[in-house]
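Chains as they are written, first to last, in the working numbering: chain A, 676 to 1085; chain B, 676 to 1085.
Since no wrong hints were added, every one of them can be taken at face value.
The list treats identical chains as one, so a pair stands whether inside a single copy or across any two.
Under the rule of at most 27 Å between Cα atoms (straight-line distance), these lysine-lysine pairs were calculated in the DSS-like manner:
1. LYS852 / LYS827
2. LYS702 / LYS1029
3. LYS1035 / LYS1079
4. LYS852 / LYS696
5. LYS696 / LYS939
6. LYS696 / LYS827
7. LYS884 / LYS939
8. LYS852 / LYS692
9. LYS692 / LYS827
10. LYS884 / LYS696
11. LYS939 / LYS852
12. LYS884 / LYS692
Because the hints were derived from the structure by calculation, they are not lab data.
Protein chains: 2
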Amino acid sequence: MTDRSHFDGQYTTSWDKALAKRTERMKGSIIRELLKLTMQPDIISFGGGLPAPELFPVRDFREACDWILTHDAESVLQYGTTEGYPPLKDYLVEAMHKYDVPAERDNVLLVNGSQQALDLLGKVFIDEGDEIVTCRPTYLGAIQAWNVYGPKFVTVPLDDDGMRMDELEQVLTAHPKAKFIYVLPNFHNPAGTTLTLERRYRLVELAAKHGAFIIEDDPYGELRFEGEDLIPICALHKENAVYISTFSKTLAPGLRLGWIVAPKAVIAKFVQAKQGSDLNTSTLVQYMAHDICSRGLIKPHVKKIREVYRERRNVMLQAMEEHFPPGVTWTRPQGGLFLWVRMPEQIDAEELLKVAIEEKVAFVPGNVFYPEGTDGRSCMRLNFSFCQPDVIREGIRRLGQAIKREMGLA
Amino acid sequence: MTDRSHFDGQYTTSWDKALAKRTERMKGSIIRELLKLTMQPDIISFGGGLPAPELFPVRDFREACDWILTHDAESVLQYGTTEGYPPLKDYLVEAMHKYDVPAERDNVLLVNGSQQALDLLGKVFIDEGDEIVTCRPTYLGAIQAWNVYGPKFVTVPLDDDGMRMDELEQVLTAHPKAKFIYVLPNFHNPAGTTLTLERRYRLVELAAKHGAFIIEDDPYGELRFEGEDLIPICALHKENAVYISTFSKTLAPGLRLGWIVAPKAVIAKFVQAKQGSDLNTSTLVQYMAHDICSRGLIKPHVKKIREVYRERRNVMLQAMEEHFPPGVTWTRPQGGLFLWVRMPEQIDAEELLKVAIEEKVAFVPGNVFYPEGTDGRSCMRLNFSFCQPDVIREGIRRLGQAIKREMGLA
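Go ahead and model the full structure; you've got the sequences and the hints to work with.
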């Protein structure tokens, strides 16, 4: 094919002129680019947010696939409704009731992982210039999904008990038009913190007073290692909350399957937006997930994940005690996949990462989790779900060495 | 759960105020709503665009699933790169070469069906008020995907040879800032027409002269019943075309798997947009499709689909000859899933649909395929892929009866 190279010929000028203005606000995810760099097998990566692949319920998936393709192939492989596969919605309705979330079938929409939920939220609710409230730091995927729609991020700091409510009150007073408050109440990404029960009530009170609605992002809620489940915010603030979650951390992220719970009229708007976005979530994937869920296999599986991740968290916490120099502090998450490390101010985590990669270990520098991208420079996010205990110990040893080098202690 | 009803309580005011302005342009798909109405088993529906479910290669899927979950489960169920599964991209690159489309791996992006390609095109290229050129009629899903981004649709009529180039020239002269030209060159949805070779060359010439790029939507290209394949437009217009296609009509729509071919710098923009939209297309689905493709199973399967659909088209054409009254004309597609019926002007297809449903048969009224929604009122789209031959004969008999009633002939 001699002229193949022409395909990338003199396009630059014309394409560049054709781009929509919103593309100026699009950035590739630093994490995803970083992940590519750290794919080298000799690097220990605490950078991604990957579940432990050795725990995937492979046999359950194989059985599910065999069953649905034997008994229901013509539906499994056909187009489905945009709203989602009704029996899976019914399963989710029941599952949510146990967490006191009042929902019926038409309060639920199946989506391509909770990232699509974030995109649909932006599409349906964010006009350019709208103010929205998030923690600082907050989930990078939300920043990325919403930046396209051009909001102004108004941020509230968090401490070990999650978003600070005194600061939120000030922010809502100063920004009376803020449209919504985005929270990750359980095992926050990246901070690893959990919003206390008292603060949940206070959050709902403040949101109601200021007429803002709440987006509750809960990908890790099932992965609690200790303590009691806390009531979801959408159960406290029924009329004015959108709840989103995913099967990525309980079954497998390769499915790309998540869901939204919201008032029916809001779901109807999401359905319209999703029709234009991709018609429907893979029918095959929804049937597989439903088969596994309805056979009761997800609960024992999640129990196993919790045990394994709890051990890995413990190993990481212990190794940090042993290998990190004084002046470095970290959160102690009650669940989830991540913890957050604060280092002395003179340390720049992006610079540290270069040293860390020399030491064959990787993490995500903290500043990417700040919508402005300027704070959090001396912080980092560590993932403890992906690596096995021995690897975690060795990785933290290497990381401690890198920090000491960067601090001039080694 | 006594307070469940609260979940849809007094939300209306606050939510409605919170909606982004673009939601005013979102409409549910009439086709998808219609499909729900016509799900009743005694209605014969020519309304949807569904592949024949009895042809789905179920055994191939079962074998694929078993193989990939046995040999590669930890990758199959994990997150993947946004760009897509590299071996599947390589397969597509080779497959496209046979159609003279020059592409390398980095010219390809896997997406959730070609509907997501349309959404990403809108996200990356359409600013509010931008002029874009489409046929009238054109694919409803494109109208729906792009309306959200607020373009002005400038439309060009088509005849039995596809988009009219004399009219396109006038349109491009009158609208010199038109950003792109959207075409479905093979077995057009809804019109069933194919753009002739001569017009393909002319289209490329006009697009180049006026500095517009071309979006070539080709979901049905593989389903040619007769005649020779015509060169894809992106092979004639390498630097300035985006090609999109899908596995929905060759394997199964339940996968939600399609792809985009474009210059590398354009693909890079789509990748950024897709990261924020849903991170990546289901890894599981991509591995399944790749397994079936790489085993060489797709070609004989497509051959079978072509034979079955050719027969169904023939049966529908013959039945229309027999049952439709004089004054009704239709296209004779060389492939694909749809044909287009023009009725005398006094017939309003939406009114006819009510009579047709009484006669237990359904179709899609023509006006929904016009961005303005006003033309095409006496036209309708018929699908011939879904129903078996006997059902097609009976459905066309019923539809002929409905038309005659509406024309006062019965």
